[in-house]
Amino acid sequence: MPARSRRGQKSAGPGPIVPAQSIAGRSLTIVVAIMSFLACLTLGAVSLVRDASLDWQSDIVREITIQVRPVEGVDTDAEAAKASAIATAVPGVASARALSSWENAQLLEPWLGSGLDMSDLPIPRLIVVELSDPDGVDLAALSAQLQQGVKGASLDDHRSWTDRLKTMANATVIIGFSILALVFVATVLSVVFATRGAMASNRDIVAVLHYVGAEASFTAREFQRHFLLLGLKGGLCGAAGATILFAVLSFFIGRSVATPEGDQVSALFGRFAIGPTGYLGALAIAILIAIMTAITSRLTVYRHLASIE
Amino acid sequence: MIRFENVGLRYGMGAEVLRDLSFQIAPKSFQFLTGPSGAGKSTLLRLLFLSLKPTRGLITVFDRDVASLPKTELPSLRRRIGVVFQDFRLLDHLTTFENVALPLRVLGREEASYRADVIELLKWVGLGDRVQALPPVLSGGEKQRAAIARALIGQPEILLADEPTGNVDPPLAKRLLRLFVELNRLGTSVVIATHDIGLMNQFDARRLVLHEGRLSIYD
Numbered sequence: 001m002p003a004r005s006r007r008g009q010k011s012a013g014p015g016p017i018v019p020a021q022s023i024a025g026r027s028l029t030i031v032v033a034i035m036s037f038l039a040c041l042t043l044g045a046v047s048l049v050r051d052a053s054l055d056w057q058s059d060i061v062r063e064i065t066i067q068v069r070p071v072e073g074v075d076t077d078a079e080a081a082k083a084s085a086i087a088t089a090v091p092g093v094a095s096a097r098a099l100s101s102w103e104n105a106q107l108l109e110p111w112l113g114s115g116l117d118m119s120d121l122p123i124p125r126l127i128v129v130e131l132s133d134p135d136g137v138d139l140a141a142l143s144a145q146l147q148q149g150v151k152g153a154s155l156d157d158h159r160s161w162t163d164r165l166k167t168m169a170n171a172t173v174i175i176g177f178s179i180l181a182l183v184f185v186a187t188v189l190s191v192v193f194a195t196r197g198a199m200a201s202n203r204d205i206v207a208v209l210h211y212v213g214a215e216a217s218f219t220a221r222e223f224q225r226h227f228l229l230l231g232l233k234g235g236l237c238g239a240a241g242a243t244i245l246f247a248v249l250s251f252f253i254g255r256s257v258a259t260p261e262g263d264q265v266s267a268l269f270g271r272f273a274i275g276p277t278g279y280l281g282a283l284a285i286a287i288l289i290a291i292m293t294a295i296t297s298r299l300t301v302y303r304h305l306a307s308i309e
Numbered sequence: 001m002i003r004f005e006n007v008g009l010r011y012g013m014g015a016e017v018l019r020d021l022s023f024q025i026a027p028k029s030f031q032f033l034t035g036p037s038g039a040g041k042s043t044l045l046r047l048l049f050l051s052l053k054p055t056r057g058l059i060t061v062f063d064r065d066v067a068s069l070p071k072t073e074l075p076s077l078r079r080r081i082g083v084v085f086q087d088f089r090l091l092d093h094l095t096t097f098e099n100v101a102l103p104l105r106v107l108g109r110e111e112a113s114y115r116a117d118v119i120e121l122l123k124w125v126g127l128g129d130r131v132q133a134l135p136p137v138l139s140g141g142e143k144q145r146a147a148i149a150r151a152l153i154g155q156p157e158i159l160l161a162d163e164p165t166g167n168v169d170p171p172l173a174k175r176l177l178r179l180f181v182e183l184n185r186l187g188t189s190v191v192i193a194t195h196d197i198g199l200m201n202q203f204d205a206r207r208l209v210l211h212e213g214r215l216s217i218y219d
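Chains A and B are the protein sequences, given in the same order. Note that the first sequence covers residues 1 to 309 in full-length UniProt numbering. Note that the second sequence covers residues 1 to 219 in full-length UniProt numbering.
Next comes chain A alone, as it looks inside the complex:
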């Protein structure tokens, strides 16, 4: 809008029919920015939880464990080596590695304490099998082969854990999407009501345009353009705020990765990065809110015109 002097004069050039700056317009921009920020934050959190749950599932599915229990008169180490060989020969298995006695001791340390001589205890040997193609591995056949060929061997494919985790992760994602849907509904309603409020102060302009013979489409276009810009401004501010917040959190969590708290957060949420999908989602939310603002203003113009005709 061209600058105006105190004496009520303005510089040359036609001013916009809908005033660019108004208290109602500024309030609408703030409401849109806040709702866009909250919607983007929810979207980011949901995408974070979904990615994390997918990571947990794929990590667990990619690993199975063979347990070789000590059997009287049988060399457990030899049996463990045999089990490793059987597992490695199965298609879809990347590697099979028996844990050393030291690694076994490390696993038991929280329960049995340190400095204990493990050789006297009947501790099973564990073989960690990494799968390159979890779907291509015939786990039932591998289990049968192990039971036939290796004394005291059993296969733990973590299926019960994976199933439980999958159920939990799916529930978390469903709850997340439900919250996202609620936030979207709240955003839509807030934006619609705030736009209507801002439009109320422009009713005189709509009436004047109507009486000087403006087509309804002309009036609607003027307001739609104005409110699209307001919505875009607010929406992008909110989305940028949420994006910056995620970037800052990601940075601080990345820095604290060596600390116990940082490791816990990393274990749960990875690097706390929302990724390109999250950023594109934030941009989409900002644009969606701007379009919603514009459409509401257009409908309000038509409704107001219908009421004065």
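I should point out that these hints are in silico values taken from the structure, not numbers from a laboratory. Accuracy of the hints is not assured; some may be wrong.
In the EDC-like style, the derived pairs of lysine to aspartate or glutamate whose C-alpha atoms are separated by at most 20 Å in a straight line are [as the list claims (entries may be wrong)]:
id : chain 1 : residue 1 : chain 2 : residue 2
1  : B       : Lys123    : B       : Glu111
2  : B       : Lys53     : A       : Glu215
3  : B       : Lys71     : B       : Asp92
4  : B       : Lys71     : A       : Glu215
5  : B       : Lys174    : B       : Glu163
6  : B       : Lys123    : B       : Glu182
Position chain B against the provided structure of chain A, taking the given hints into account.
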């Protein structure tokens, strides 16, 4: 130009505020519309500029029956009618020039194509030195003249003015009346709604007198 036949109007289920109005507004005619406050002058003006539809009777505007007129055709008919509102209805964020040019701007015309016409009209109504002023700094009389200029810029065939002298002192009222008379001489029909008898006595013209919703005509 505009013809009313047995026109009646009521708001909702209330009593009729206008009853059995039958009259014509001829091309190049001049008339005062008068009557006591609450007689229905503003309602009749709204019927004249197509802002209301009658509950009964027939209104034809430029040979078109208002009752059967599609909404899409209303703006083009409205552009042939200039309206001056009692409260001016100028947009405070636009300059006098922009306010007056609004009827041309809504047609999608470029400023360069109408700039000279608007300036000339502003000079004609005595606002040549207030072209870039915003309405809040204009006096009541200046606002009134800006509103008249806005009503005239599209060269309407009929001008409707609602209490155009209601907010100005007698000398300015006289000056505005001269403006309307001159406009009428140039070929525009004029309807001035007023309850200012002094103003009506200054110019001998047809009087449409509304009383309790009924119209009496004094040619």
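Checklist line | Index of numbered hints that the structure contradicts, given in increasing order | finding: 3
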